[in-house]
Amino acid sequence: MMVTEIATQENSYQEAFRNLQASHQDPSASWLVPVRDNAMARFEELGFPSVKEEEWKYTNVAPIARTNFTPLIATETAARSSDAKELASFGVVEAIDSQLVFVNGRLRNDLSRLTGLPEEVVALDLAEALADERYAEIARTHLARHADYVANGFTALNTAFVHHGAFVYIPKGVTVKVPLHLLLISDSGDTNEVTFPRLLVIAEENSSATLIESYVSTVDATYFTNAVVEIVLADGARLEHYKVQRESARAFHVATTATDLGANSSYDATTITFGAQLSRHDFNVTMDHEGAECWVDGLYLVTASQHTDTHSVIDHRKPHCTSHQLYKGILDGKSRAVFNGQIFVRHDAQKTDALQTNKNLLLSNDARVDTKPQLEILADDVKCAHGAAVGQIDEDELFYLETRGIHYDLARNLLTYGFAEEVIGKIKIDSIRAQLDEAVLNRLNARLEA
Amino acid sequence: MLEIKNLHAGIDGNEILKGINLTVKKGEIHAIMGPNGSGKSTLAKVLSGHPAYEVTKGEVLYEGKNLLEMPPDERAREGVFMAFQYPIEVPGVSNAQFLRLAYNEKRKHLGEEELDPLEFKDLLKERAKIVEMDASFMTRSVNEGFSGGEKKRNEILQMAVLEPKLAILDETDSGLDIDALRIVAGGVNQLHNSENAVILVTHYQRLLDYIVPQFVHVLTNGRIAIEGGKELALELEQKGYDWLKTANEASVVGAQTN
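Chains as they are written, first to last, in the working numbering: chain V, 550 to 999; chain Y, 259 to 516.
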């Protein structure tokens with residue numbers, strides 16, 4: 550029974566895939582045709598992962614495999630119920646003139662504005678970049694070269710459909726002061742649509758920029774976002790990267806972020822996860838050049854029957870690199886979270902400094918966390934530490950607040966907010982920080998009223 | 259204001275307070291002294307409503323109401339304040355956020371209008387002068403990374419903001435150097451007036467040089483062994499708590515007649 554269902558499902562992907570491959574292709578992007586073929590072949594071999602696989606032990610993606618998702622690809626998809634004004638409300642004030650807005654996977658030029666960016670900076674639809682001789686070569690050098698689709702079925706599936714998305718290019722030495730916002734909106738109705746956002750970000754030598762990647766929804770619908778993000782930092786480049794995942798509570802979100810760091814580059818990533826009934830984020834940071842530094846931080850806040858899974862790999866391959874990782878989780882209801890953080894320190898990676906921490910706060914007795922920080926060290930002159938904690942609200946802190954006249958429930962909320970603040974507080978974009986503060990407090994208040 | 263009658267209380271089934279009687283009227287300052295383990299900190303915790311302590315006998319009336327029936331937050335909103343011996347760190351919550359929330363909870367309780375962040379900022383600035391704390395403490399997380407002295411000053415700042423009717427200071431002098439002690443004591447003296455009352459729980463007489471009580475009660479083994487005026491504290495300082503072993507004999511007779 551199960552087998553038949555999955556087989557049918559794969560056929561629907563295959564059908565869309567055939568349509569995409571048969572559609573008009575710009576000659577300069579013809580090299581992509583075999584890449585897609587390979588990726589599709591790989592997806593067919595791998596299929597969707599099962600809980601029998603070690604990396605998917607705690608995350609069952611059978612609901613994704615079972616649902617008859619329709620790929621949204623070559624066909625034009627206009628915004629449905631939502632008008633431009635509603636869609637614009639997801640914008641970030643600081644990036645109002647530096648945003649690319651995607652609705653159901655397609656770039657909307659009418660909602661996007663790039664006037665705030667320096668002229669040299671390139672931000673456009675990936676399909677356009679591939680067809681543009683100025684960018685085709687650089688895109689070809691990097692696209693599908695950083696996110697490995699051989700090992701991961703979801704990355705293979707995204708790569709099979711690689712077409713639209715964002716291409717961001719920050720030339721050598723350019724400093725971009727305003728954040729660039731890649732806003733991905735779903736206003737999919739109850740049509741079980743799947744989109745394959747593909748983002749490619751290239752920061753050349755000694756450039757400096759801030760990237761916001763956000764996923765939001767106008768409707769409470771079941772849809773599937775299967776995203777792949779590739780980020781390349783050349784020597785001395787600096788990038789602050791915020792990912793904010795606030796998909797619909799019924800959505801599925803599976804994403805891979807693959808970042809490669811050049812020598813003496815600096816990458817500061819913060820991933821905030823609020824949405825989706827099931828989300829999985831594979832975050833791979835590769836430090837294959839000396840002197841790079843990264844922060845790979847995150848906060849997941851889930852409730853009801855939400856499930857979120859973060860698998861991160863920080864790979865120290867060369868000497869003198871530093872990585873910092875702090876992931877915090879807040880779980881309420883019957884929610885479940887998985888944190889699997891691997892840090893590799895390869896043989897050559899002497900003088901590595903790596904710190905990894907995962908802390909979880911359980912607000913209910915029915916919530917559950919599976920956390921597994923892992924260090925694998927092959928070099929001998931390194932400084933590495935890791936730790937994980939799962940706990941509840943501290944009784945002493947609670948009593949202290951109560952003795953100041955703060956009601957028990959409010960005191961719990963305040964302490965929960967404080968727990969989240971360690972991650973939210975580091976966000977340097979005021980309006981995002983304020984939005985998240987509010988979202989955290991709203992969630993907590995909602996809990997009060999329930 | 260406060261009437262404690264034959265109070266028995268303990269923790270994990272061990273009785274620590276074995277019949278405390280104490281009356282505090284507004285305008286008064288009382289010192290509760292005693293050797294380690296005599297029960298003086300337990301008394302402070304029971305009065306503030308610590309959930310780990312169980313009252314087995316007796317009653318506590320605060321402004322005529324049964325204090326022991328109120329949850330800790332309600333006691334606070336009704337005007338009872340305890341300065342902690344070991345103030346708790348609250349990561350991620352700024353001192354200003356915390357104080358404004360606590361202040362507004364009390365205002366709401368009293369049917370008064372809440373202060374917005376700007377109005378509160380002015381009030382906080384004013385009150386912070388009482389304990390000589392500068393603005394940088396307001397944006398930092400509550401007590402996080404504060405030195406021992408800063409934590410104690412922060413307790414008195416909270417007292418200055420919340421303006422309790424009854425303030426219980428639990429070993430507020432412990433771990434303070436002489437300058438910090440002077441600031442903390444100066445703050446308490448400024449806040450004390452004819453409408454409120456202070457209970458100082460302390461091991462040493464030193465604090466009482468700065469905050470002068472009208473009444474001194476000395477606890478041993480869960481009971482008040484001896485009571486007197488401020489000169490009792492000086493006498494204790496000279497003779498040490500061992501002196502009570504003999505003094506105790508006499509007062510036990512007295513206690514039985516209660």
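Just so you know, the hints here were simulated from the structure itself, not pulled from any lab data.
Since we're looking at a predicted model, the values are computed, not measured.
Glycine included, C-beta positions come from ideal geometry on N, C-alpha and C.
There's no promise every hint is true.
[Said to hold, decoys possible] Under the rule of at most 25 Å between Cα atoms (straight-line distance), these lysine to aspartate or glutamate pairs were calculated in the DMTMM-like manner: (1) Lys379(Y) with Glu753(V); (2) Lys366(Y) with Asp380(Y); (3) Lys908(V) with Glu402(Y); (4) Lys975(V) with Glu402(Y); (5) Lys379(Y) with Asp986(V).
[Claimed, not checked] With the C-beta cut set under 7 Å, the calculated list includes, among others, these residues of chain V facing chain Y: (6) Gly840; (7) Asp945; (8) Glu951; (9) Thr952; (10) Asp958; (11) Gly967; (12) Glu970; (13) Glu971.
[Unchecked claim] Here chain V is said to cover these stretches of chain Y; the calculated rule only asks that three of the stretch's residues, wherever they fall, bring their Cβ under 8 Å from a Cβ of chain V: (14) 322-331; (15) 358-366.
Hint check results:
1. Restraint check for Lys379(Y) and Glu753(V): the C-alpha separation of about 45 Å exceeds 25 Å, so the hint is violated.
2. For the hint pairing Lys366(Y) with Asp380(Y), the CA-to-CA distance comes to about 19 Å; that is within 25 Å, so the pair holds.
3. Straight-line distance between C-alpha atoms of Lys908(V) and Glu402(Y) comes to about 18 Å, which keeps the hinted pair within the 25 Å bound.
4. This hinted pair checks out: Lys975(V) and Glu402(Y) have alpha carbons roughly 17 Å apart, not beyond 25 Å.
5. In summary, the hint linking Lys379(Y) to Asp986(V) is supported, as the alpha carbons are separated by about 20 Å, within the 25 Å threshold.
6. At its closest, the beta carbon of Gly840(V) sits 30 Å from a beta carbon of chain Y; the interface hint therefore is violated under the 7 Å criterion.
7. Checking Asp945(V) against chain Y: minimum C-beta separation of about 5 Å stays under 7 Å; hint holds.
8. Checking Glu951(V) against chain Y: minimum C-beta separation of about 4 Å stays under 7 Å; hint holds.
9. A hinted interface residue such as Thr952(V) counts as satisfied when its beta carbon comes closer than 7 Å to some beta carbon of chain Y; here the least separation is about 5 Å, so the hint holds.
10. Because the smallest distance between the Cβ of Asp958(V) and any Cβ of chain Y comes to about 10 Å, over 7 Å, the interface hint for this residue is violated.
11. At its closest, the beta carbon of Gly967(V) sits 3 Å from a beta carbon of chain Y; the interface hint therefore holds under the 7 Å criterion.
12. Taking 7 Å as the C-beta cut-off, the interface hint given for Glu970(V) holds, the closest approach to chain Y being about 3 Å.
13. The criterion of a C-beta within 7 Å of any C-beta in chain Y is met by Glu971(V), whose closest approach is roughly 5 Å, and the hint holds.
14. Look at the segment 322-331 of chain Y against chain V: 3 of its residues bring a Cβ nearer than 8 Å to a Cβ of that chain, three or more, so the hint holds.
15. With 4 residues carrying a beta carbon less than 8 Å from a beta carbon of chain V, the segment 358-366 of chain Y meets the three-residue requirement, and the given coverage holds.
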